[in-house]
Amino acid sequence: MSPNGKIGADAVLAKGWLGAHKWLLLRRVSQLGILALFLIGPWAGIWIVKGNLAYSLTLDTLPLADPYVLLQSLLAGHVAEKLALVGVAIVIGFYALAGGRAYCAWACPVNMVTDLAASLRRRFGIKGGARFSRATRYWILAMTLVLAAASGAIAWEMLNPVSMLHRGLIFGMGTAWAVILAVFLFDLFVSPDGWCGHLCPVGAFYSLIGKTSLVRVKAAQRSACNDCMDCFVVCPEPQVIKPALKGAGKGIGPVITASNCTNCGRCIDVCSKQVFGFGLRFNNKVADNAPRGETAALGNRP
Amino acid sequence: MAVTSNNQSRRQFLLDMAKTACGVGVFGLGLGLYTRQARALPPTAIRPPGALAEADFQGACIRCGMCVRDCPYNILELARPEDDLATGTPYFVARKIPCEMCEDIPCVKACPTGALDHQLTDINKAKMGLAALVDQETCLNFLGLRCDVCYRVCPAIDKAITLERTHNVRTAKHTMFLPTVHSEYCTGCGKCEKSCVLDVAAIKVFPVQLAKGELGKHYRLGWEEKKKAGESLVAPEIEHQYNLPEGFKYEQGPGLSGEAVAPHAAPAAPSGAPRALHGDKL
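Chains X and P are the protein sequences, given in the same order.
Take the first sequence: its position 134, counted from the start at 1, is 134 in UniProt numbering, and no numbers get skipped.
Take the second sequence: its position 129, counted from the start at 1, is 129 in UniProt numbering, and no numbers get skipped.
Please keep in mind that the hints were generated in silico from the structure rather than gathered at the bench.
Just so you know, not all the hints are guaranteed correct.
Stated by the list, open to error - Cross-link-like lysine to any residue pairs, in silico, SDA-like; alpha carbons within 20 Å at most:
(1) P:Lys19 x X:Lys127
(2) P:Lys109 x X:Asp60
(3) P:Lys96 x P:Glu82
(4) X:Lys127 x X:Val190
What the hints assert, rightly or not - Looking from chain P toward chain X, a few residues come up when the C-beta cut is under 7 Å (computed):
(5) Met66
(6) Arg69
(7) Tyr73
(8) Gln119
(9) Ile123
As the list claims (entries may be wrong) - Quick partial rundown of chain X residues pointing at chain P, CB under 7 Å, derived from the structure:
(10) Tyr55
(11) Ala80
(12) Ala130
(13) Ser133
(14) Ile140
(15) Ser151
(16) Ala153
(17) Met158
(18) Arg167
(19) Phe171
(20) Gly174
(21) Thr175
(22) Gln274
(23) Gly277
Backbone N, C-alpha and C define an ideal beta-carbon position, used for all residues, glycine too.
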């Protein structure tokens with residue numbers, strides 16, 4: 001950790017505040033921008049995007065549909081109209097390239113809620129809490145699909161916080177805020193990264209879509225790592241970092257291939273040694289060719 | 001030693017898996033029951049035109065709100081978690097704002113999944129619900145007045161709602177005009193309920209399954225079958241014999257006919273003839 005104990009302080013020293021928050025800021029711009037596109041219609045009467053994250057129509061031409069909710073609908077015994085199916089194809093195509101869970105980090109509105117909980121947790125030093133397997137989300141995903149098939153209804157939509165928050169903001173919140181508050185308190189006091197990292201089946205579904213996605217975070221300069229641990233502390237899925245960062249000896253390449261990585265780029269921001277960067281999944285050779293001198297120079301950069 | 005610890009960790013792994021699976025399973029069961037319960041649509045909530053039957057609708061509607069957006073009259077709303085129907089699904093309350101029955105049905109066109117059936121192209125064939133005159137004790141027309149508002153505002157006037165004339169026995173000199181709904185033509189738009197002048201509407205739109213009775217599947221209507229077959233399906237009907245005073249005859253339809261009874265004879269003979277025939281006044 002940084003000398004003064006503050007996570008990312010070294011990175012701010014090395015790269016400046018903006019440089020150390022670049023991807024975080026871009027992500028907030030993306031999250032709020034997407035939300036604004038949906039809200040500018042009902043609020044200002046400028047209809048660029050209609051609908052919500054389940055299905056939307058942009059400029060009356062571009063359909064985008066959530067493949068997870070339409071898969072549930074299909075299992076419930078209903079085949080959607082063509083426009084929704086086209087929307088599904090576009091969304092799957094996009095996230096198969098950009099990293100499935102980029103949805104979680106760059107589009108999903110719940111991310112801002114859980115990020116807030118995580119940052120408060122760090123700030124106030126709230127430790128521990130219930131820990132359960134990160135695979136639970138896949139069990140829940142499977143359960144929602146079985147339930148759709150068994151009940152003939154899109155049952156998960158009865159309490160899905162993701163769609164509830166997004167729909168609530170656009171169409172009227174009602175008591176959906178209570179569900180969001182529950183997620184926030186759960187992450188803050190009960191389980192660190194509990195919702196996004198362990199339970200959310202939407203994230204689980206998108207991580208399956210992004211299994212072989214092109215865009216990946218890469219620990220290209222991993223030999224420069226000074227073991228400060230800041231990346232592990234800020235990462236919502238820290239288990240994905242270790243193989244790429246520390247796996248040189250075991251013959252593991254520097255690309256973070258684990259599909260649960262949300263491509264949020266926070267590790268890139270917070271690293272003072274510029275170990276991480278966005279890249280493609282190719283060139284995942286074990287040999288770390290970066291000469292020592294170069295990494296040292298990078299580390300000394302003001 | 002290594003084998004034992006391997007065994008132990010495998011056992012632990014299987015145990016953890018079983019725990020997670022059971023926990024998630026119980027959670028799913030609860031959610032499933034909750035979903036089933038939410039299928040009972042509250043009687044005031046009317047689905048948009050073309051909505052599939054409620055059970056199918058819940059598997060088809062992805063809660064995107066496109067129908068809400070494309071309704072030019074802002075009639076539809078998406079259910080909130082505290083509402084009594086599946087969260088996020090569209091509905092309207094007839095008493096608040098009824099459906100305007102647009103000819104091009106934009107809400108149906110906007111639906112990306114077909115939860116609002118795209119085969120519905122004629123709004124007059126919509127079945128959003130069914131109006132029912134539920135309270136004959138407060139309906140002004142049933143009280144013998146000429147309110148008629150529900151009848152007048154009905155987009156399918158004289159088809160979906162007709163005024164059936166009947167004798168007003170209270171005043172004995174007026175006619176009652178009873179609003180009568182015909183399910184064949186009623187689209188369930190809710191304009192009648194909205195316009196009812198009472199504090200609480202006497203005519204209400206309900207989901208069809210609530211408003212409409214259903215005959216047993218085996219049930220046959222004798223007269224329909226007779227029409228189809230050209231003759232009665234059971235033993236031929238015996239012509240009914242009427243015991244009437246001399247000179248009178250009774251026919252189904254037109255009723256009694258014949259000579260008027262002589263005035264002087266009337267008080268003398270309470271003959272068993274209908275009361276209306278006693279004396280000269282009806």
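Q) Minimum Cβ distance from Ala130 of chain X to chain P below 7 Å? A) Hint on Ala130 of chain X: violated, closest Cβ of chain P at ~12 Å, above 7 Å.
Q | Hint validity - Ala153 of chain X Cβ closer than 7 Å to any chain P Cβ | A | holds (4 Å)
Q. Given Gln274 of chain X as an interface hint, is the shortest Cβ-Cβ distance to chain P below 7 Å?
A. Violated. Min distance 38 Å.
**Q.** Agreement of hint Gly277 of chain X with chain P interface, Cβ distance less than 7 Å
**A.** Violated: closest Cβ of chain P sits about 35 Å from Gly277 of chain X, beyond 7 Å.
Q | Agreement of Lys96 of chain P and Glu82 of chain P with the hint, judged by alpha carbon distance not exceeding 20 Å | A | holds (19 Å)
Q. Once the shortest beta carbon distance from Phe171 of chain X to chain P is found, is it less than 7 Å?
A. It holds, given that the least Cβ distance between Phe171 of chain X and chain P is near 5 Å, below 7 Å.
Q.
Less than 7 Å between beta-carbons is the criterion; does Tyr55 of chain X satisfy it with respect to chain P?
A. Status holds, d = 4 Å.
**Q.** Supplied contact hint for Ile140 of chain X, tested at 7 Å Cβ to chain P
**A.** At about 6 Å, which falls below the 7 Å cut-off, the nearest Cβ of chain P leaves the hint on Ile140 of chain X intact, so it holds.
(Q) Less than 7 Å between beta-carbons is the criterion; does Arg167 of chain X satisfy it with respect to chain P? (A) Hint holds; Arg167 of chain X Cβ to chain P Cβ min 6 Å, cut 7 Å.
Q | Proposed interface contact between Gln119 of chain P and chain X, which counts if any beta carbon pair is under 7 Å | A | violated (11 Å)
Q) At a threshold of 7 Å, is the proposed contact between Gly174 of chain X and chain P supported by beta-carbon distances? A) holds (3 Å)
Q.
Checking hints one by one. Is Met158 of chain X an interface residue toward chain P, by the C-beta closer than 7 Å rule?
A. Nearest chain P Cβ about 5 Å off; hint holds.
This entry does not satisfy hints 1, 7, 8, 9, 12, 22 and 23, going by the numbered hints stated previously.
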